[in-house]
Structures are given as structure tokens and as C-alpha cells.
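Mind assembling these two chains? They're in different frames, but the hints should get you there.
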Amino acid sequence: MNVTINEEGSKALVTLEGRLDTTNADQFQKDITPLMTGSHQEIDVDCTGMEYTSSQGLRMFLMLQKTVSARGAKLVLKNMKPQVKEVFDITGFSHIITIV
Amino acid sequence: MNKRFDPIIDKCGEIIDFLMASPDMPKDEDLQFKIRLSVEEAVENVVRYAYEGGMGWMEVGTELDPEGVMLTIVLRDAGVPFNPLEKADPDITASLEERQIGGLGIFLCKQLMDHIEYKYEDGCNVLTMKKIVA
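These protein sequences, in sequence, are chains A and B. Per our numbering, residue 146 is the first one in the first sequence, and the count goes up by one each step. Per our numbering, residue 250 is the first one in the second sequence, and the count goes up by one each step.
For reference, chain B alone in the conformation it holds in the complex (with noise of 0.2 Å):
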């Protein structure tokens, strides 16, 4: 299941709701609750930082292996080229006044995700999430 958002300013919550409304999604509510704090930080990213001020598309989709394990949720837009990956993730062990606001969304989808990889192809950032759903 794909679709093309253009804009994509202000579209953070439809995009959001059109990714986890597709039929590949589980059902399980903890998987669900996981694939959606990933799927949101991913997508605010590209909102947010891709184009200058938003005026720009973007295509998000979903697969699902025939096997009904694997989910995959692809992000592709042809903003600015940026690889989120490589921002180094925040010091958890950090005391409450050195702990820095901020940092913690694609820290959070490397967390509850199984997999996930940046590449920038054909113009384009292609960010690749996956979870093992069954």
C-alpha cells in the first residue's frame, strides 16, 4: 500500500493515520502502540526538517511478506539529503542537568523497531523500517 502526500506541510497526522490504517498493520495492541511512536517520529522528521517550509512530497507504504512476518514501512521524499542515522543518540545515563531536550525520536524508532536503514537513491532519502510482527 503506497501513497504520495504533496504537500506535506500540516500532513504529519494524516500520514501518520494512513500508514497505520493499512491492512498489513497487526492487530496486537503493543506491536501496534510500537510501529506508531516509529512511524510518527519518522514521518514529523521528514515533515518537519525535509523541505523549507514543508512545501515538498513525500511517499510513504507498507508490505507485508507473504509469510505474514516481516512488516516493511518505507519513508521517500527528495528534500534535502540527510541521514538521520548517523545522529549520534542521546546519553540516557545522563544526569537530570545535563540531560539534553531533544534527540530522542529516531533514537526511539531504533529502539522498537527490528530494523531500519537510510539510503539516498535516485535524489531521494529512502528510509526502510522493519518489524517482525508474528
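Here chain A stands alone, though its shape is the one from the complex (with noise of 0.2 Å):
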């Protein structure tokens, strides 16, 4: 899974390619943990490229979701594959992440 985060201001954008699965959550999370410990206002992540999500990486969007949400921040994950949005939709997970 490759992350790349460009910063605009109060904004970050990311962009996802890849898969994300137990072989590189580790990894992921390292990748984005400057969007956790940011000040970003806003973190918009194009999805176009992801391929593939485990729980494994799940975990990784939630964990994100808590910490943006609690400094008051928005997260919005975009253009998703639609299998993948799939596993978004049966884990409840796109009741509390926006996905447009």
C-alpha cells in the first residue's frame, strides 16, 4: 500500500494505491500516523487505488476516525472500489466514516 500525503494549508491530501492487508498494516499505520498527530482540519483521501482492505486495515481507519473526530477535524475517504466499499458497508463502518 502505498501513502502519499500532500498538505494544503489546514488540509491534507492523501491518496491510497494499493492493497492493504496483514502484511503491511503495520506499515499503514506508520505511513499515516502524521495524519494522527497533525492538525489538520480537513483529510481528504482519494481511494481510487485501493484495492483491497482486511480487518487489519479497518482497524487502521478507525483508529484515524477517533483521533480526527476528537480535535474536531473531518475525514472523508473517497472514490472507493465499490468490494471494497462493500466491506465498509457490512462492518457498520460507513455509518461512522464519510465515504462519498
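Hints were generated in silico from the structure; no laboratory data involved. In this text the structure is predicted, and so the values were computed from the model without any measurement. All C-beta atoms in this analysis are idealised placements derived from N, C-alpha and C, irrespective of residue type, glycine included. You may find that some hints are simply not true.
[Said to hold, decoys possible] Derived DSS-like pairs (lysine-lysine); straight-line CA-CA distance at most 25 Å:
hint: 1; chain 1: B; residue 1: K379; chain 2: B; residue 2: K359
hint: 2; chain 1: B; residue 1: K252; chain 2: B; residue 2: K368
hint: 3; chain 1: B; residue 1: K368; chain 2: A; residue 2: K230
hint: 4; chain 1: A; residue 1: K226; chain 2: B; residue 2: K359
hint: 5; chain 1: A; residue 1: K230; chain 2: B; residue 2: K252
hint: 6; chain 1: A; residue 1: K211; chain 2: A; residue 2: K226
hint: 7; chain 1: A; residue 1: K156; chain 2: A; residue 2: K219
hint: 8; chain 1: B; residue 1: K380; chain 2: A; residue 2: K226
hint: 9; chain 1: A; residue 1: K175; chain 2: B; residue 2: K260
[Stated by the list, open to error] Some residues of chain B that are not near chain A, with every Cβ distance over 10 Å (derived):
hint: 10; residue: K276
hint: 11; residue: R325
hint: 12; residue: S344
hint: 13; residue: E346
[Said to hold, decoys possible] Cβ-to-Cβ under 10 Å is the rule here; a few derived chain A residues that face chain B:
hint: 14; residue: T168
hint: 15; residue: T193
hint: 16; residue: E196
hint: 17; residue: L203
hint: 18; residue: L207
hint: 19; residue: Q228
hint: 20; residue: V229
hint: 21; residue: E231
hint: 22; residue: H240
hint: 23; residue: I244
hint: 24; residue: V245
Structure, rendered in C-alpha cells:
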């Protein structure tokens, strides 16, 4: 999973590419740490290139959402592939994370 | 198609790839996605928790019935007896504040496969997952 973070003022534009699974979830957690510890008010994540996520990946998204909400900021996941979106739907994550 | 991995420590990726490369797997991408996710969650569960330090074995296999309709995946290990199906499902209606991090793996298997069962047999945990693939 490749994570690219571009900052524009208080906004972070994030691009995810590849598969998020048990083999790279730890690295993904490190990669998104700047988004958890930062002070961005808006985090836009482009998921066009995200092909897969396991429960390990879901945990990371939940942690990120909890952290971001705690500081009153906004997280939005965009352009998710239908198969990946289904995983978010089945687990109820679509109700607690904004997906457009 | 069967294979025994011993020891299983750090073999998660290898075991998943072995199962997904089975000729019994469907070609349909959507089905493959769902099966892979279930396989990953189930295999990871064993690799992480069955043996202390991951120093133990695991046998995995696939089978397709002669009609090509029902795919069966079996995972067997001699680790700590543990029925993952007894674990309570996560509350998927919980609010963000109340939502617990974790407990999603086996829940996903249950949702994505058509049938899943566990038995403890001859000193082994045996998890069987079935999916209609035609």
C-alpha cells in the first residue's frame, strides 16, 4: 500500500494505492501517523487505487477517524471501489466514516 | 489441494497465496475478493493466536465438489483449542465513540462465506468455510 500525503494549509490530501492487508498494516499505521498527530482540519483521502482492505486495515481507518474526530477535524474517504466499499458497509463502518 | 506449513510464524502471506492459487478457486473477481478476505482473516487468526510464538503447524486445503458449485476451505492446527465462532459479533450499529477497535476478522468471514463451522477433533482445531462459486 502506497500512501502519499500532500498538505495544503490546514488540509491534507491523501492518496492510497494498492492492497491493505496483514502483511503491510503495520507500515500503513506508520504512514498515516502524521495524519493522527498533525493538526489538519480536513483530511481528504482518495481511495481510487485502493484495491483491498482486511480487518487490519479497517482498524487503522477507525483509529484515524477516532483521532480526527477527537480534535474536531473532518475525514472524508473518496472514490472507493465497490468491493472495498462493501467491506465498509458490512462492518457498519460506512455509518461512522464519511465515504463519498 | 492440501499443504502443511510448519512452523507458521511469519507465513501468513505464503499460506494465503497458496490457498488463493488453488485451481479450485473461482475466476470471478468479486468472489475471489470475498474468499481472499475470509481466508486472510481465518489464517491470520491461527498464525497469531494458535501457538505461542507461532511455533506450530497448520494444514490448509481446498476442495471443489464435482458439480463445481461448492468450494470448501479447511484450516487445521494443533494449537490452543479455540472456537472463533463463539466470539460475540461486534456491534455494527455502535456510534464512533462506542465502536471498539477489533473483533472484525471472524465477523467478516461469517458475512462473506455461505457456511462456516468449527470443530475440535483429534486434538486439532478444524475450521471449515464454504462458498457457493457457481
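Query - When the least beta-carbon distance from L203/A to chain B is tested against 10 Å, hint result - result: holds (6 Å)
**Report entry** Restraint check for K156/A with K219/A, where alpha carbons must lie at most 25 Å apart
**Finding:** Holds, at roughly 10 Å.
Report task. Assess, step by step, whether the Cα of K175/A is no farther than 25 Å from the Cα of K260/B, and give holds or violated. Result -> Holds, because 22 Å separates the two Cα atoms, which is no more than 25 Å.
Requested in this report: Taking the shortest Cβ-to-Cβ distance between E346/B and chain A, state whether it exceeds 10 Å.
Outcome: violated (8 Å)
Report task. With a cut-off of 10 Å on the beta carbons, see whether I244/A makes it to chain B. Result -> violated (14 Å)
**Report entry** Hinted pair K380/B and K226/A, Cα distance within 25 Å
**Finding:** Between K380/B and K226/A the Cα gap is close to 22 Å, so the pair holds against 25 Å.
**Report entry** Holds or violated: K226/A to K359/B, with C-alpha atoms at most 25 Å apart
**Finding:** With Cα atoms ~22 Å apart, K226/A and K359/B stay inside 25 Å; holds.
Report task. With chain B as the partner, please determine if L207/A meets the hint condition of a C-beta pair closer than 10 Å. Result -> holds (5 Å)
Query raised in the report: Hey, does R325/B actually stay past 10 Å from chain A on C-beta?
Result: holds (20 Å)
Query raised in the report: Would the pair K379/B and K359/B pass a check requiring their Cα atoms to be no farther apart than 25 Å?
Result: The given pair, whose Cα atoms are some 10 Å apart, holds under the 25 Å limit.
Query raised in the report: Does the CB of Q228/A sit less than 10 Å away from some CB of chain B?
Result: holds (5 Å)
Report task. With a cut-off of 10 Å on the beta carbons, see whether E196/A makes it to chain B. Result -> Hint holds; E196/A Cβ to chain B Cβ min 9 Å, cut 10 Å.
Checked against the numbered hints above, the structure violates hints 3, 5, 12, 13, 15, 23, 24; every other hint is satisfied.
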